[in-house]
Amino acid sequence: MTFVYAAALAVAILAVAPFVAHLLQRRRADERDFPPARLVPPSQPVARRRRRIDDRALYAVRTVAVLALALLGATPFARCSSLALGREGGASIALAIVLDDSLSMLAEVEQKTRWDRALRAADELVEGAREGDAVGVVLAGAPPRIALAATTDLAAARSVVRSLSASHRATDLEGALELAQSLVHGLPQTDRRMVLLSDLADGHPDGPPLGESSETPLWVPLTDLAQPAANCAVLRADRQRDRATIRVACFPAAESRRRSIEIYAGDKVVGRTPLPDEAGGVDVGVDLAGASGDLEARITGKDAIRADDVAPVLATTGGLSIAIIADPAGAKLVTGGAPPVEQALAALELDVRLRPLPLLPDRLEDLAGFAGMVIEDPPGFTPEARRSLAAWTDRGGVVLLALGPHAPLAPLGANFEPLVPGSITWGPSPSPGLDDKASVLFGSAAAGLVDFRPRGRATVDLNALGGAVQVSARWKDGAPWLIERPLGRGFVFILTVPTSPDESDLALRPAFLLLLDRLVDATRTRNGAYRITVGEAWSFEGAKSLEVVGPEKAQLRVTEEGTRKVVVPDRIGAYDITLDRDKLTRIVAASEKEVDGRPRKVSPGSQSSSLGDTRARVDLSPYLAIGLLALLVSELALRLRARRTPPLDAERASPAS
Amino acid sequence: MATPLRSIDWGSIAPLRLRARALADGVYAGAHRSLRRGPGVEFGGHREYVPGDDLRWLDHRALLRHDKLLVREFETETDRGLRIIIDASASMAFRGSKAPASKFAFAALLAGALARIALASGDPVGLEWLGGAAVRPLPAMSGREAFERVVGALESAATSGDLRLDAAALDQAFGAIARRAKRGTIIVLLSDLIDLPDEALDRFAALGLGGRVLLAVQVLDQDELTFPFHGTVRLRALEGASVVETDAEATREQYLAKLDGIADEWSAKLTYLGGQFVRASTSDDPAEIVRRSVSAVAGRFTHGIDG
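Heads up: the sequence lines are chains U and H, in that order.
In the working numbering, each residue's number is its place in the first sequence (first place is 1) plus 195.
In the working numbering, each residue's number is its place in the second sequence (first place is 1) plus 66.
Each hint should be verified, as a subset may be incorrect.
[To be verified] In silico lysine to aspartate or glutamate, EDC-like type, Cα no more than 20 Å apart, as pairs:
{"hint": "1", "chain 1": "U", "residue 1": "K788", "chain 2": "U", "residue 2": "E742"}
{"hint": "2", "chain 1": "U", "residue 1": "K778", "chain 2": "U", "residue 2": "E742"}
{"hint": "3", "chain 1": "U", "residue 1": "K307", "chain 2": "U", "residue 2": "D419"}
{"hint": "4", "chain 1": "U", "residue 1": "K788", "chain 2": "U", "residue 2": "D437"}
{"hint": "5", "chain 1": "H", "residue 1": "K164", "chain 2": "U", "residue 2": "D228"}
{"hint": "6", "chain 1": "U", "residue 1": "K748", "chain 2": "U", "residue 2": "D712"}
{"hint": "7", "chain 1": "H", "residue 1": "K164", "chain 2": "U", "residue 2": "E226"}
{"hint": "8", "chain 1": "H", "residue 1": "K324", "chain 2": "U", "residue 2": "D504"}
{"hint": "9", "chain 1": "U", "residue 1": "K796", "chain 2": "U", "residue 2": "D419"}
{"hint": "10", "chain 1": "H", "residue 1": "K164", "chain 2": "U", "residue 2": "D672"}
{"hint": "11", "chain 1": "U", "residue 1": "K497", "chain 2": "U", "residue 2": "D437"}
{"hint": "12", "chain 1": "U", "residue 1": "K788", "chain 2": "U", "residue 2": "D546"}
Treat the hints as calculated values from the structure; they're not laboratory data.
From just these sequences and the hints, can you work out the full model?
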């Protein structure tokens with residue numbers, strides 16, 4: 196700022212001059228002696244009111260005029276500040292804007308969220324783009340998404356940017372930058388840029404600096420957003436009878452001091468426990484003392500992000516539950532413990548609740564609590580069990596049926612319908628091992644089954660299964676080893692060997708774990724996971740109708756991918772799902788790593804002034820000059836009006852008054 | 067709040083002694099004939115003759131007309147004294163922007179002139195005060211020294227006091243006259259009449275009982291008569307603590323109406339009792355005011371004699 200600019204701005208001090216003049220004009224009248232003063236009626240309010248009305252309008256006009264004059268004199272300095280790209284030689288630019296729409300961007304800075312700042316910056320960048328520039332937009336909330344493919348239609352880009360909204364997703368900056376780079380790669384513009392508008396808190400503060408190995412130059416303009424935000428979040432809240440287990444994460448650890456987790460039933464607090472003084476995720480137990488109704492876990496106090504301070508408390512029985520039905524005698528291990536299939540599922544830690552059952556329930560109500568089922572070497576199903584099983588699979592139940600030596604020993608009236616229609620035989624395998632080329636489902640793990648030698652194998656009548664059947668793995672002689680069959684909205688895996696160690700060593704092979712993972716994945720897909728992390732999708736295979744209402748009572752958009760319906764929630768909280776007239780409640784939880792507010796480092800070149808800056812690009816002087824002219828006209832009009840307005844005495848004297 | 071003592075702004079009226087004498091001499095020349103044309107004494111009625119009565123007062127015409135001996139009775143002219151009550155309260159110290167002197171100075175000039183006229187006729191003159199400081203009431207006296215004493219008392223006085231708060235002031239001035247003034251005494255009140263207590267008019271009117279003659283001379287400044295202010299003004303009364311902020315143009319008419327109301331009230335009441343009311347401005351010619359005052363009083367007598 197030069198002396199001239201400063202002097203021009205100093206003129207603004209004269210804005211008080213009209214006020215001083217106003218005070219002088221409104222000073223108290225000189226007091227003078229007048230013996231008959233008591234005979235004179237006071238008329239002070241009338242006089243002052245009239246003067247106040249006139250003076251106020253003129254005063255405002257004159258004050259603004261002086262300010263406008265001062266700014267007009269200083270317009271080389273006083274310009275509207277906005278984000279702008281640097282250009283070398285005026286060439287067109289291919290610009291990929293990476294906009295972070297993660298949860299941490301909801302932290303407030305000076306009464307505005309980081310998201311608002313970033314969105315405004317993106318809007319300014321698009322506004323500053325010229326004809327011939329290409330603009331693409333990538334959202335960095337996990338998983339990264341392309342909001343706008345690179346386009347030279349700047350109006351469309353502007354419209355897309357202004358329609359974006361924040362989410363509660365985790366952050367994936369690296370993935371977003373890869374997407375952004377792919378957006379501008381191959382475009383005709385030789386000058387390509389990526390602009391990252393983020394707080395850089397992606398949960399990997401020690402990761403390599405962003406933009407270090409990028410071919411496309413990266414510019415990170417909003418460095419002031421990269422300040423660690425103190426925050427505590429409720430990640431999960433499960434209820435088990437009279438106790439709730441709340442998973443909480445705080446950053447930094449000191450943020451948890453003097454804060455507590457409270458359980459609310461409506462407006463009433465039914466449980467309270469102070470937060471432990473630890474950073475990162477930690478489970479906190481809260482006694483509920485028989486509380487009933489809808490419960491909600493809240494963290495006391497305030498922090499940078501309020502959206503993650505609340506979570507619904509739901510019974511864990513509502514989670515993804517899989518029943519294990521195995522004969523304890525036949526599927527036991529020499530070392531003892533649960534059957535191998537149950538132990539393997541528990542070892543995978545797939546956030547699945549396992550429940551061993553001695554028998555297949557006969558009633559549909561008993562099956563309704565399970566999303567999946569593993570049935571080990573059953574001797575057929577009774578008619579009652581078949582009826583309930585058919586209804587259950589029709590509503591989305593997923594079954595892994597491992598056929599074994601008991602299969603042909605079904606008693607009278609029992610068979611394997613509706614899972615496996617037709618006859619089933621059991622006998623020694625004429626050809627040991629699987630055909631790895633016909634078992635691509637398992638990938639490299641299929642090689643481990645080449646020398647698979649069970650004591651026997653079941654044979655299934657494929658023709659009786661219908662046309663939708665898929666054989667996912669075969670024996671070397673071509674017989675099916677694993678059959679996948681959709682049934683209603685549900686799904687059936689038919690394995691022609693049992694998992695019992697007495698019959699084979701299948702439980703020891705890697706492909707077995709892949710099979711179980713596939714089972715759980717199908718179960719989630721068919722039923723929709725009970726709890727997912729924000730940004731993940733609910734996929735409902737075979738659903739005829741689907742309606743999802745979010746925590747803000749807004750209905751989510753459902754997309755169809757083949758025979759499945761997919762919904763991607765981007766807000767944490769409880770969702771009400773109506774799936775083929777079935778009412779479900781599902782939870783979307785915050786990502787634990789999103790709580791870590793430490794920013795990721797960026798390469799030094801990412802803040803180079805050659806990429807762009809926040810210097811002014813808009814000269815205000817024409818607008819100020821027009822404004823000043825308008826003010827002068829206003830003053831003239833006010834003066835003219837005041838001259839035409841009859842004096843108060845004349846108004847009183849007129850007959851109309 | 068105590069009213070400050072104010073010295074008299076005599077303006078162009080000083081020296082009072084000479085101005086009053088010159089003024090009285092001018093007025094006397096005009097009033098002399100009027101005074102001497104009448105009998106100089108007041109006719110008191112007839113009564114039947116009793117032996118021992120002075121035969122000079124036998125009414126011969128009545129004897130011829132009614133065939134009765136009747137004696138004419140007269141009141142002696144030495145009973146016609148002049149009592150001046152002069153207002154020396156704080157408000158009388160006011161002198162407007164264009165006035166030659168303060169209201170008190172003008173009133174004192176009128177008082178001095180009236181006193182000299184009366185004294186020249188041989189009538190005794192007394193002086194009473196309403197308010198004021200360093201004031202000296204003078205009993206009715208005549209002779210060559212009287213005029214000097216009256217003028218001396220007027221010159222040594224200072225204005226002070228709020229008559230609306232000083233209930234004893236009326237008693238002090240009016241009470242003395244009520245007790246001592248005889249029938250036929252002329253009582254002249256010189257005041258602005260603005261800040262007098264509400265009962266002042268009734269009390270003054272009561273002095274007119276018993277054959278006394280009342281004359282009230284309202285002395286006002288030209289500013290008080292015209293209210294020459296413009297725009298918003300703050301006006302402070304000299305008596306009391308009232309301060310009024312007003313729009314001069316908006317309230318002028320109301321003020322003048324109230325001022326005239328006071329004059330009308332005094333005039334009506336005094337006229338009803340046979341008294342007289344004269345309004346004077348300090349900008350007026352004092353000779354004219356004295357002449358009007360003397361004429362008013364003389365007219366009262368002429369009317370009484372004729373009637």
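Against the structure, the hints:
1. K788(U) to E742(U): The given pair, whose Cα atoms are some 30 Å apart, is violated under the 20 Å limit.
2. K778(U) to E742(U): 10 Å, holds
3. K307(U) to D419(U): 13 Å, holds
4. K788(U) to D437(U): 29 Å, violated
5. K164(H) to D228(U): 14 Å, holds
6. K748(U) to D712(U): 34 Å, violated
7. K164(H) to E226(U): 18 Å, holds
8. K324(H) to D504(U): Violated: K324(H) and D504(U) sit about 77 Å apart, past 20 Å.
9. K796(U) to D419(U): Judged against 20 Å, a Cα distance of about 13 Å means the pair holds.
10. K164(H) to D672(U): 138 Å, violated
11. K497(U) to D437(U): Roughly 28 Å separates the two Cα atoms, so the pair is violated.
12. K788(U) to D546(U): 18 Å, holds
Violation of the numbered hints given earlier is confined to hints 1, 4, 6, 8, 10, 11; the remaining hints are satisfied by the structure.
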